[in-house]
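If you follow the hints, you should be able to join the two separate chains into one complex; please do so.
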Amino acid sequence: MKARIHVTLKNGVLDPQGKAIENALKALGFDNVAGVRQGKFLEVDLAPGDAGAAKAQVDDMCQKLLANTVIEDYDIEIEG
Amino acid sequence: MRSAVVVFPASNCDQDVARALEKVTGTAPHMVWHADSALPEVDLIVLPGGFSYGDYLRCGAMAAKTAIMADVVRRAGAGTHVLGICNGFQILLETGLLPGAMLPNANVHFVCRDVHLKTERTDTVFTRHYENDALLRIPVAHHEGNYFASDQVLDDLEGSGQIVFRYADENADITEDANPNGARRNIAGLINGRGNVLGMMPHPERAVDDAHGGIDGLPLFRSLLDALS
Chain A
1 MKARIHVTLK
11 NGVLDPQGKA
21 IENALKALGF
31 DNVAGVRQGK
41 FLEVDLAPGD
51 AGAAKAQVDD
61 MCQKLLANTV
71 IEDYDIEIEG
Chain F
1 MRSAVVVFPA
11 SNCDQDVARA
21 LEKVTGTAPH
31 MVWHADSALP
41 EVDLIVLPGG
51 FSYGDYLRCG
61 AMAAKTAIMA
71 DVVRRAGAGT
81 HVLGICNGFQ
91 ILLETGLLPG
101 AMLPNANVHF
111 VCRDVHLKTE
121 RTDTVFTRHY
131 ENDALLRIPV
141 AHHEGNYFAS
151 DQVLDDLEGS
161 GQIVFRYADE
171 NADITEDANP
181 NGARRNIAGL
191 INGRGNVLGM
201 MPHPERAVDD
211 AHGGIDGLPL
221 FRSLLDALS
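Chains A and F, in that order, are what the protein sequence lines are. Numbering of the first sequence is given in the working numbering, commencing with residue 1 and proceeding in unit increments. Numbering of the second sequence is given in the working numbering, commencing with residue 1 and proceeding in unit increments.
Heads up, simulated DSS-like pairs for lysine-lysine below, C-alpha to C-alpha not over 25 Å straight-line:
hint	chain 1	residue 1	chain 2	residue 2
1	A	Lys10	A	Lys26
2	A	Lys64	F	Lys65
3	A	Lys40	A	Lys26
4	A	Lys40	A	Lys10
5	F	Lys65	A	Lys10
6	A	Lys10	A	Lys64
7	A	Lys2	F	Lys65
8	A	Lys55	F	Lys65
9	A	Lys40	F	Lys65
Bear in mind the hints are in silico, worked out from the structure with no lab data behind them.
Just chain F, same shape as in the assembly (with noise of 0.2 Å):
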């Protein structure tokens, strides 16, 4: 499996997602900078987090508009698969290739902890190495991941299955109590209806090593290579 990893200034968890790539993949990423204009041929495209131009304006709103992001539309036009996690979340929202945005948190503060999500759709290139409805336990770090779509949009995803990951509590359910930012029911992780662009505000590649303490990540980037290769 060829990837490529698009760093932003400002990106600040690439070097996390090249590793956990590499380390089940075999093959380090192509880092792309983002004032290159194309990407090289590769299966993936990974979006990572971080605060990309200093979180200016809006997250994600100026990398949206780079010249690297327009190939990067291109790309997902063509059927390349694009993972954005964190703040490559927000910038798949500001490009529009998934729907809905995000707001400051609920609760107005940084989150920063693990939280247990549930995982709707185990269908996916980039899930299917997870259990039906398994719930993992994977970090989350943001100051916006607070979704935002409207009703209509929203039974849309439900009625369409576009919803991949909610936020839940110890034993799966999805409260109030378990939402980590106030996301609208729940959405930490969405994926448009080709099912080639994943977005999700928890972090994978934080959780693939014994020494992050927990592995719940591994089986999205394993999902990734058994697919892609």
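Pulled out of the complex, with its shape left as it was, chain A reads as follows (with noise of 0.2 Å):
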């Protein structure tokens, strides 16, 4: 059993490394590009059992490490 999270910034956060991607791809001739926010992909292995109570887990991790409520958001699958 695999939990995919994305984790990113909260709407209205600067993302000063978003921004110097989205000023990097107009460099390279992207024009139409009108904005990037930079985030984080983890991939958390689990053993096998219910997926309703691994999301649980999972949303504890993201509360107390994976995540800063602070400043991100994220958002989690759980698969197999």
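What follows is the structure, encoded as structure tokens:
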């Protein structure tokens, strides 16, 4: 069983790295780029079990360590 | 004054702050390794600068979850004084001992130079040897010092006088140009409501000797010695 977690900056939180990437894309000629936000992607392998319980557990992981909810949102998908 | 410096993997200012403490207090601090589960009885705990755990995940995130930090949080709750410098400040934010979070510097560069700081509180255990509104020159060296908190939290911090240091220009004016990292409201250092936990991005331990090019960090350590002895 695998958990896939996207951690992204909340709306309204400045993303200096995303802005730098946006500028680099424009410098490469991608003129239609209107914005870039950089985030994180994590995969957590879990022992097989109940998907609902796994999601609740991963949510707890996000609250305690994987995301900083002052500045970040997260989204969890459980597979298999 | 009895003090301890917590040393994490990739802390790199632990010796600097130990020297500053020894120079001012006459006593070497306990150096406590991150894998230890408890601190000795001390009056002051210092979380030094560096790149604990390689800044993995977020600056300070891994260090904040160690057993030794659980003891630091307990001690802070019991009234022990805690000073977090640079990465130590980031760790304090990640533990929730201080509010807010750090983002990468607005210009995406590592900034390593002297900055001017305006001292907004001189009635704390950490700053009582500074003059009111004193303008200090102290080095910063960080990539993630762009302090962020919501408007509500920032208003609360200002209302309760918890902003201790702000980035200023050489005339002590709080300007955008004087802000080295984009920190909201030019915040360089914060204290908790109880007044026993201070976090700051600048490095006072790098300004305690004429050979450093300045000694504006000395009064901070003298304040602690005076208050906690």
